[in-house]
Amino acid sequence: MVSPILLIAVPLILAFSVPLWGLIHKKLEKFVPLIAFGFNTYLIFRLLPFALTERTISVVIANIKPPFGINLAVGPFGLFFALIIQLVALATAFYLLSYDPPEPSDKFYMLFILLVLGSTGMVLTGDIFNLFVFLEITSISAYALTAITKTGPAAEAGFKYLLLGSLGSTLVLLGIALIYGSLGTLNMAHIAHRISGMDSRLVVAAAILFIVGFGVEAEMLPLNGWVPDAYQAAPIPVVALLSGAVAKAGLYALARVLYTLIGMPNIIMLLLTFGILTMFAGELAALRQNDIRRLLAYSSIGQMGMIMLAFGAFGVNSVFGGVLQAFTHGITKALLFLVLGVMALHTGGATDMESLRGFGRKFPYWSMLFAVGVLSTLGLPPFAGFWSKLALIIGVIIDGHPTYAALALIATFIEVFYFARLLSVIYSSKLSPKLVERSIRNTTIPLLSATFLAAIIIAVGLYPNVFFDLGDSASRALLNRAHYIFSIIGHYLQSMGGV
Amino acid sequence: MTGQILWAIFMPILVIIIGLIYMGLARKITARIHNRYGPPFYQNIIDVIKLFSKKDVANHGVMFSLGPVIAVAGMVISLLFIPIGNRPLLSFNGDIIVLLYLLVIAPLGMALGVGEGANPNGAIGIARALTLMLGYEVVLVIAAVAVMIHAGSASFMEIIRQQQGGVAHWFIWPLFLSALATDIALQAILGEKPFDQPIAPHEIASGPMVEYGGKFLGMLQIYHAIAIIVETGIFVNLFLGGGSLVWWFVKSFAVFFVALLINAVMPRFRIGQAFKFYWTYPAAIGLVGLIIVAIT
Amino acid sequence: MFGINMNPYELLAAVFGLGAILTYLLGHFDRHLKTWLTLITLALATYIFLHLPNEYSLESPSLLFGIDKLSWLFGILTLGLGTIVAFALLAYPELSPNFYFMFILNIGASIFLLLSRDLVAFFLMWELMSWTIFAMILGDGGAERGRAATKYLVWSAIGAAFILFAFAILAKSTNSFEWSGIVAGISQMPSGWRVAAIALLIAGFAVKAAIMPMHTWVPDAYAESPHPFTAFLSGVLSKLGIYGIFLAFFVLSARFELVNMPKIFGTHIFGYILAWIGALTAFGASLIAIKQEHAKRLLAWSSISQLGYILFGFGIGSAIGIAGALFHAVSHALFKTLLFLILAGVIKRTGTDRMAELGGLIKKMPLSFIFAVVGGLALAGIPMTIGFPSKWLIYEAAIHQGFIFTTVLIFAASTAVFLYYYRFVFSIFLGELHANHQDVKEVPFPIWFSYILISIPIFWLGLFPGKAMQIFAEIAEQFDLPAVTNFTATTITTPLGSFNALIVGLVFFASFAFGLLLYFIGGRTRKVHQYDTFLAGEADEPVKLHYGQRFFYFLERELKPLYRISVEKIYQFVAEFTRFVADQVRKGFFCGNAQAYLYYMTIFIVILVFAIWRIKL
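Chains as they are written, first to last, in my numbering: chain U, 1 to 499; chain R, 1 to 296; chain V, 1 to 617.
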């Protein structure tokens, strides 16, 4: 078996080597992310068979076994999220080949790789302090990337993000401190094993701190103020990653901490309420939004709310729906943002609806890709979104929360409305005056990258079997807390003489 | 069987003649009420013969010519589905609802013909006729449903059979309100005042008939003659117990006579008023009758 | 060949899939190729459809398909009318390959929807069918089309949400995703949930079946969709909603327990409510149809009205009622497809469907006129056409079951048909020919030939309704429903009365011969110009006077109080309110102020503490 450590180590090395490549030739820099993520994707696919079992593999670092050493806990749930992150990152890295990076370009690529690396680390680590470290790596690169264009809005957006994100991280750190102070361990399996012995008030306090801390990255309701601004100001490839990787990693952390570490159903079910509120807030805010970038940002909030709702339902069916939805949302939003990036090239950067009116008549293939993304988001067949939304709604109902499912469905009416309006604007017969066929650079590379994502969406939509199997083992792995504990520190517990 | 076929051929001709005489009598009676002399009662027969012998009639097209043909054909087929004087003929092959729909063929065909005539007066006349129809059809149906529920059947023969055995068995007594509603509807079905807006000679120049002359007008006269018998006949069969051939026509004329009396002394409603009238008072009367039937 | 070993179901899916893709790809090369490919696809699909084995299951994702009499009936309607519409499409080479792609996909989804035997497959096909309609309405058109398509998709999503929710409840309670398992397990369901599930299903399907109050998308969508496709949308796709209602109402509920519900006039209350909704739909929509100025909208409202009849028949629920409703589904499919195709032809030739601008086209398009009359006769329910037996059965069922008030509403709706139908045919084909239309030609061959193709079953089943009754009886038998058995090829007999379609037809021709005889007895006629009319001396020279606008204005004036009742107002209020809240959320909550966001965070922590306090301690 290949070592999952390479998933983190190789990009790390490559990230810091970007300036060296730049020394050889400026153009070489942009191939670095592609190499890193290409390699990672290859690794993930090698690892996927393990994700189909329910096993969680503990990968020991520096030969000190858990719970004492630092380890990676590579389970189906984590690998599933790693897969999402890698696919989005790969498509985005490919897209970067034809992208004019903001200067300094070497830093841009470096941060870019670090962002993905951080999120990958978050979903793979088995150590809660490492989780924090990776969270910091992710979010700091994200702040920097948001503000990298150095324009006013970008700086403002980056600042808002920084403000909320760093406060969130601090709270996470506080939570970790609480737990470490009580239990004296940082290994997640070990914490999970012993948390029942901890003072319940402290557990609750830690849970609150974690929810707020990770909630920022997961775009949870009152903590997501940074989202529309950051999505609008950041460079397009970064935005694709923000929704495809950062938000997913935040969500993973939230789920992992609440399910595995805290494990209190009452607290987990709070996510139902937050999820539905987040969903309504996102969809409502998007309803009358005319700027497509912001619209997609709000829609992303709405989708994240729906996934949170599924995780809050605390049942294997709904979590199954939740992870599938996380996958389709990640891929679909990345696709939409990448296409939107190309659309903006044709209007001189404008992304409001009026500027893009009639885009479909001039660029049918691009619009088709966009339509695939929209239809998949709306949960329509034969696209991946259909299966995930279906599984999610049915799962939430089967797990006994029909009211929340009904509310989620009502929120989707709003979603349908603004996306249908968006499509009707794009396919309008009237052409926007801004829409000129400039002889911009060749768009073959973005086209391939977007086609790759669309192909995933359609392929999953037509042959969802593998997708279902992955989601199934991921959701089972998340809910099977005892199994997680046992696979990571089973040997230790046995040596201590009791399980 | 042969007798039936002969009767089927003979009966329409008989009905046409009787219907034309009805129309003549109508003119006479109205004239007497208006204190005039009026034409002889056979005047309409003479009129029809005269119209058919006219030459060089204005023709607006194929549908225009087919209109009166379908009008006559539609009325004849309706006639064959109504038992006249206890002779069922085709009534076993269709019930009241079938008849209600067969009755529409004639006006529909005529309306299409009038349409090709391209005279706005004609179109306005048809629009008025249709509006009126929306008014009275509801009343008629309310009453007919009451009869069907009361008799437990929609077949004319069954309804007539249940009314055998004297005046006391006629449905007009248990279903008095329905009969009243039907009679009010009949006023419009027959096109008598105050419901003659579709024709309204002073407003729209006889409406549908405006472009038709010569043999076309003759055919429309024949159509009207049959229509009077059919329409009063429905009332006779539903409420007055049918009866042998002579009695049947006597009863039918009695029904017609009531309509004539009202016609002779009434002015004309505005079309909107007529429609509103039908959807209020007669409909209410009919509904009360229907509810009584449904409850008992 | 590789196809030999394929299961016919897979083959059918492959035909639709490959057909759609090939048509799309090759459609760019030749204007007519795409239609021919569509026709070939549909012909192949029809052939396979007629030779399908009973069952087929796909392992994973586990989907179950199968065919029975009911799916067969609706499938034949879909494929048959789809093929006819596709044939008419030969005259519309200007439609884009996208349209053909969606059209084939849509028919394929409809067919597999009818074949699906489990909830997931059903919902999958339902959604595929729904959004391809959206794509076709949207087409490549302007703002109005966009608005109509958006409205349609939102309504479709609402319907789909109801269906999905009901499916999930059913699956949860019966532990099965297959229809057979659900039918077997539904009697164990708590009765509240069962009623809720069935009511939700009916409400969801009612969106596609254009039943009030879920109908508001229909006039817009019909008016804006590509003209020949509107025929398919109204004729066939609305029937899929009817199919769903049939499944929900009869297959899921009728056999189980709903019988225990309170009864009104011998019908359980569920059916009674359905009958009222159906009757009000039929009545209300037909009154609205009267006042339309655009022919497409007129026919759209007429469709809503006629679909109300079908629901009414289902609501009655007796043997005659079910047979009548299914019969009316078939007849509406036929005559509404015909009427919309005729309208499509008229619009193709004249470029407008505003009735005031048309008129007198009988002189230029006699074939279209003849078939407009045929379609109109069926719409109005004149004996000899298919429209009569279906309506007649519904009336008989209603009266026999004692549905007195609803019967009156339904009859009023039927009378209103004459009003709007005459309006339709007069304003377009009769009256005076517009000066702009002096050079209008008859519709091209593919269109008028499709009229003929549809007219054949209209008359055939109109004269021999027993052929259709046989199929309905088999369907009823299959689902353990009461069946009408008292019929021969030409005669149907109900407890109230009987109707011999063939005799009526023959006698009509005899009477018609009599009328012709009178015609030939009379003197010669002389052809006159259309302006050679009697105008009572009002105009001394010929003037153009086409009575086409506000045809029934005197009636509209009287009906004003009724027209004022509009469910659309409620929807508009909801939409306004949502917009208001949305603006508040977007501008108020996401205010862009970093300090505010920090406040939110603080408040959030406080709320969390309180929330968890209440749960935990």
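Hints were generated in silico from the structure; no laboratory data involved.
Values in this document were obtained by computation on a predicted structure and should not be read as measured data.
Certain hints may be false.
With a straight-line Cα cutoff of 27 Å, these simulated DSS-like cross-link-like pairs (lysine-lysine) come out [what the hints assert, rightly or not]:
1) U:K362 - U:K434
2) V:K527 - R:K54
3) V:K569 - R:K276
4) U:K362 - U:K430
5) U:K430 - V:K348
6) V:K527 - R:K55
7) U:K150 - V:K587
8) R:K50 - V:K527
9) U:K434 - U:K150
10) U:K150 - U:K65
Hint check:
1. U:K362 - U:K434: 12 Å, holds
2. V:K527 - R:K54: Holds. K527 (chain V) to K54 (chain R) sits at ~15 Å (cutoff 27 Å).
3. V:K569 - R:K276: Holds, at about 26 Å.
4. U:K362 - U:K430: Given that 27 Å is the threshold and the Cα spacing comes to 11 Å, the pair holds.
5. U:K430 - V:K348: 22 Å, holds
6. V:K527 - R:K55: The given pair, whose Cα atoms are some 13 Å apart, holds under the 27 Å limit.
7. U:K150 - V:K587: 25 Å, holds
8. R:K50 - V:K527: 21 Å, holds
9. U:K434 - U:K150: Holds, at about 25 Å.
10. U:K150 - U:K65: Given pair K150 (chain U), K65 (chain U) is violated - Cα atoms ~45 Å apart, limit 27 Å.
When each numbered hint is compared with the structure, a violation occurs for hint 10 only.
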